[in-house]
Amino acid sequence: MKIAEINYLQLASIIFIQILGTSLLIIPGTVVEVAGVDGWISQIVGTIMALIVGMMVFYLYNNFPQDNLIIIFEKLFGKIIGNIFGFGFVIYCILSLSTVIKQGCSITGYIFLPETSPLIFFIVFFLIVVYITKVGMNALARTNVLVMLLLITTFLVIIITGVPLLNVPLKPLLSEGLFPVLKGSLSPISWMGQVILITMIFPYLTSGNKKNIKTTILMTLIVVGIDHTLITMFTLGILGLEAKDLLIPVYSVAKLIEIDLIWRRLDVMIMFSWVAGVTLKMSFWYFCTVLALKQLLHLNKYEPIIIPLAFLTFVIAYYSTNNTVELTFYLGKIYPILSLFSYEFTIPLIMCLTLFIRRKRISKDSKEFTP
Amino acid sequence: MKSLGVIAIILVLLLSSCTNSEEVDKLSLISAVGLEKMPDNEYKIIIQYLMPKKDQEPLPITKEVDGLSIYEANNNLNEFLPRKPYWSHNFVILLSEELAKEGIRSQLDFFRRNPEMRQDTLVAITESPRKILYNLQKQQLSGQTLKLIARQASARKGLGEVSTLHKVYQNLFFKKPFLTITHIFLDGENPRIDGFSIFDKDKYITTIKGDEARGLGFLKLKNKYSSVTMNCLDKENRQITFNLTNIHKKTNAYVNDLGIFEIRLSLEFEAFLAESHCMRNISDTDTIKKLEKALNKKIKELAKKTIEHSQQNVEIDYFGFGNLLYLNHPKKWKEIEGEYETVYKNADIKLKINTKIVQTGAVN
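Chain order of the listed sequences is A and B.
For reference, each letter of the first sequence is one residue, going 1 to 371 in UniProt numbering.
For reference, each letter of the second sequence is one residue, going 1 to 364 in UniProt numbering.
Hint data in this document are derived by calculation from the structure and do not stem from the laboratory.
Each residue gets a CB set at the ideal place from its N, CA and C atoms; glycine is no exception.
Accuracy of the hints is not assured; some may be wrong.
[Unchecked claim] Ranges of calculated distance between the beta carbons of each label pair, as one might list FRET restraints:
hint, chain 1, residue 1, chain 2, residue 2, range
1, B, Lys157, A, Pro169, 25 to 31 angstroms
2, A, Ile159, B, Lys222, 21 to 27 angstroms
3, B, His329, A, Ile357, 51 to 57 angstroms
[To be verified] BS3-like cross-link-like pairs, simulated, lysine-lysine; straight-line CA separation at most 25 angstroms:
hint, chain 1, residue 1, chain 2, residue 2
4, B, Lys356, A, Lys171
5, B, Lys2, A, Lys171
6, A, Lys244, B, Lys331
7, A, Lys171, B, Lys332
8, B, Lys331, A, Lys183
9, B, Lys2, A, Lys183
10, B, Lys2, A, Lys301
11, B, Lys176, A, Lys244
12, B, Lys176, A, Lys171
13, B, Lys222, A, Lys171
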């Protein structure tokens, strides 16, 4: 079977939506909560740390351009330990995906359709995710490019039209010391560390040369980091520490923008890009989960497990948190630590070290990726 | 697979139907709300709503209702409103002075929590919101009028900033809040903005009006217009009027080694000659210089009056000097934070005002 190809722009858009799909709305709030007016510095720190994760991802790609994460696990650690890591990855994916689903559904419900039953969002998102996963990587990649343009437009419009509203100075700098800034940077690192997910689609990157892939990964991360920093600066500059008081500060910023009669009620744009971004983010996570499970169970096709696994994930998501307070607590305090100490930082680091030490003894041809 | 796709599309189409849609002609659009406190700890809310009808200008209607909390009162509205109350188009929240004395942060909570509410709603203080809203109804004016008046008073008269819900909360989250809120009073039958109310944190203290209110405008606002009338240079009993804009403002605040809070304010104004009852010929530079000097003195006088009021009469810093100190010198702020009231009372405030007359109008 021919493997679908992904070009640089599509790769960049996948990374972009992977991170910004949900973080654009949520990340200023979670960071300001911890770091206060220094939140934007946290974002810069987070971006630098995320670049390290990006380098690790590229290091793996450089050595295993034809394999995906599950196969790399097996090649590096042998069958038993490799499979344990593999199953761990599937569980991590399901957990993360369920938080993404929960965010998608509860925030859409909370802001835009407060009177609609949450179950309806779960059903609609379920159907879309199942459908997109079934049509495969190629369609997903192309849709990502479209939605990336939408997200960039929303971002730019909010930034440009927000300029007249800026009135709170971002001072005093580091008044509480460096600790809150570092603590605040955990959340952006965990978000941007999700770039690790593209290790699942290495075999699709057939058309590019390695150097360009490296540039694409790192540049996209830098652009995302700039986006995070700017949106946090604007949120702080417009709302001040009032941002701490609001559930989704960026949404409130969009609601405040009013330039003449034309540029009003930009919250509609936010809704647009939020729904599109979150749908694609879910779909990509789910695609990777299904692919990983298929690889681990040595199945010929992944289609048969799409629907059962989707039921499992959506049910976990539905019962995961009871309200938005629990959700923001989980996203700000628990998830960053969970993810950074597992597949977003620690395990890739162990992999890279193992690879560095054992690079001559690793078998090159034990297994091959089949889509 | 195809069948699944078809089912998905059908479902999406079905789900987007209008089971609980909200048509405009099925809503009571709330355009202004007033809050008062009743003797037995109940709230009275007075709302003005618009009922859109086909091919007709919507008429404002005023109703009042009681409740233990504002939400409850809002809920009680359903007992006599024929349509669902819709808050997204609310323009004004009027708070009675008595209520504001208890702290406005808790009273405004309802308006913050409701995601339907817009944060650019005007918050204003008045003696009796009830009277104002009934008067608006009599004149068939909606709450939007009040918001527009507040905007106009700020931009053309220099009467403070438009205190929107967002601005109020932004200020309350500063290290040292310095809240001022638009004050509305009833002049005969017309609602009119006459100054602004000052707050200690979120508790209402008093309202400043007249010259003092204008002095605050000079000290705080940028790029807004206001006017100054003073005596002619040659004839004492005749007046000359200038239109002013503040184009540049620089404030420094620090605590010196002796523990004295020093504030240096430097303001630059552009002046346009608007009306003169004397000296038809102002073309020579000497006269212009003299006028500029006299203007400086006059503005300083007005500003000093406000500063004196703030330091001696109410002893509250409503200019935000404390916050400025915190922003630039957080360590110094920590030293004086506990006794800020006394430190501010004895603060040394120096003003430097520079006015330039840039236009003398179409008359030569």
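Comparing the hints with the structure gives:
{"no.": "1", "hint": "B:Lys157 with A:Pro169: 25 to 31 angstroms", "in the structure": "27 angstroms, holds"}
{"no.": "2", "hint": "A:Ile159 with B:Lys222: 21 to 27 angstroms", "in the structure": "23 angstroms, holds"}
{"no.": "3", "hint": "B:His329 with A:Ile357: 51 to 57 angstroms", "in the structure": "53 angstroms, holds"}
{"no.": "4", "hint": "B:Lys356 with A:Lys171", "in the structure": "32 angstroms, violated"}
{"no.": "5", "hint": "B:Lys2 with A:Lys171", "in the structure": "58 angstroms, violated"}
{"no.": "6", "hint": "A:Lys244 with B:Lys331", "in the structure": "23 angstroms, holds"}
{"no.": "7", "hint": "A:Lys171 with B:Lys332", "in the structure": "14 angstroms, holds"}
{"no.": "8", "hint": "B:Lys331 with A:Lys183", "in the structure": "23 angstroms, holds"}
{"no.": "9", "hint": "B:Lys2 with A:Lys183", "in the structure": "49 angstroms, violated"}
{"no.": "10", "hint": "B:Lys2 with A:Lys301", "in the structure": "18 angstroms, holds"}
{"no.": "11", "hint": "B:Lys176 with A:Lys244", "in the structure": "16 angstroms, holds"}
{"no.": "12", "hint": "B:Lys176 with A:Lys171", "in the structure": "14 angstroms, holds"}
{"no.": "13", "hint": "B:Lys222 with A:Lys171", "in the structure": "21 angstroms, holds"}
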